[in-house]
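**Student:** With the hints as extra help, turn the sequences into a complete structure.
Residues in the sequence shown are numbered consecutively from 1, following this note's numbering.
One or more hints might be untrue.
To be verified - What follows is a set of in silico ranges between Cβ atoms, one per label pair, in the way DEER data are often shown:
id	residue 1	residue 2	range
1	A44	R195	30 to 40 angstroms
2	V161	E109	17 to 27 angstroms
3	L139	A44	44 to 54 angstroms
If you are wondering where the hints come from, they were derived from the structure by calculation, not from laboratory data.
From a predicted model like this one, the values you see are computed outputs, not experimental measurements.
The beta-carbon is built from N, C-alpha and C at its ideal position, and this holds for glycine as well.
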Amino acid sequence: MSPRMPWLVTRDTPALRHMADLAEALHRAVHLVAQVAGTRGPEADRAARELEELDSSSSATLMAFLTALRSAYVTPLPRQDLYRLASGVHATTRRVVSAGVLIQRADLEELPTHALDILETVGRQAELLARGAAEVRDLDALEATWMQLLRASRRAERVMVEWLADLGMDLLQRDYNRQREVAWALHAALEALSRVNMDLGMVLVRES
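**Tutor:** And the structure:
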């Protein structure tokens, strides 16, 4: 059996810095979306513009990541794994941005507590993913970060279940429909983030 290729590199590559930037974009998206409810007039226009610019910036970062990845002579992990992780973080950002747009159009005065809890947990996972981008050469440290990601993911899933279960209580039909759409939009973001965590786990199993 031929020896496994050691995916080693002696310094940070631009691709890894772009991965950290993608995680930071996700964190910024969470921050923006948490504040978008109840905005009116020029403030709402500014929030919508910031969400659109963040979406475009995240896409540009993903393209820069791909360029850096293709030009790298060596990478700390197989290229396809790095791309899968980066594109998953980008997909999560896009879904969070979409949730923000939906919140604006739903004309919610404020976000439900469950939604804020979910956004807080997604923001925490974004921080962990940014840290993980610096740990790809240290699998023990990366595994510890991954376990924290899983715990945060499970917490977000529990909050989502509670939110969906409580939706029908003391809500007018119009408010119920609005909250349900927002809940499903955030659920899509959680699913995208769950795939990132699963992909990271598969990398850890294979590279250990």
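**Student:** None of the hints should be skipped; say for each whether it holds.
**Tutor:** Hints, verified against the model:
no.	hint	result
1	A44 with R195: 30 to 40 angstroms	holds (32 angstroms)
2	V161 with E109: 17 to 27 angstroms	holds (25 angstroms)
3	L139 with A44: 44 to 54 angstroms	holds (45 angstroms)
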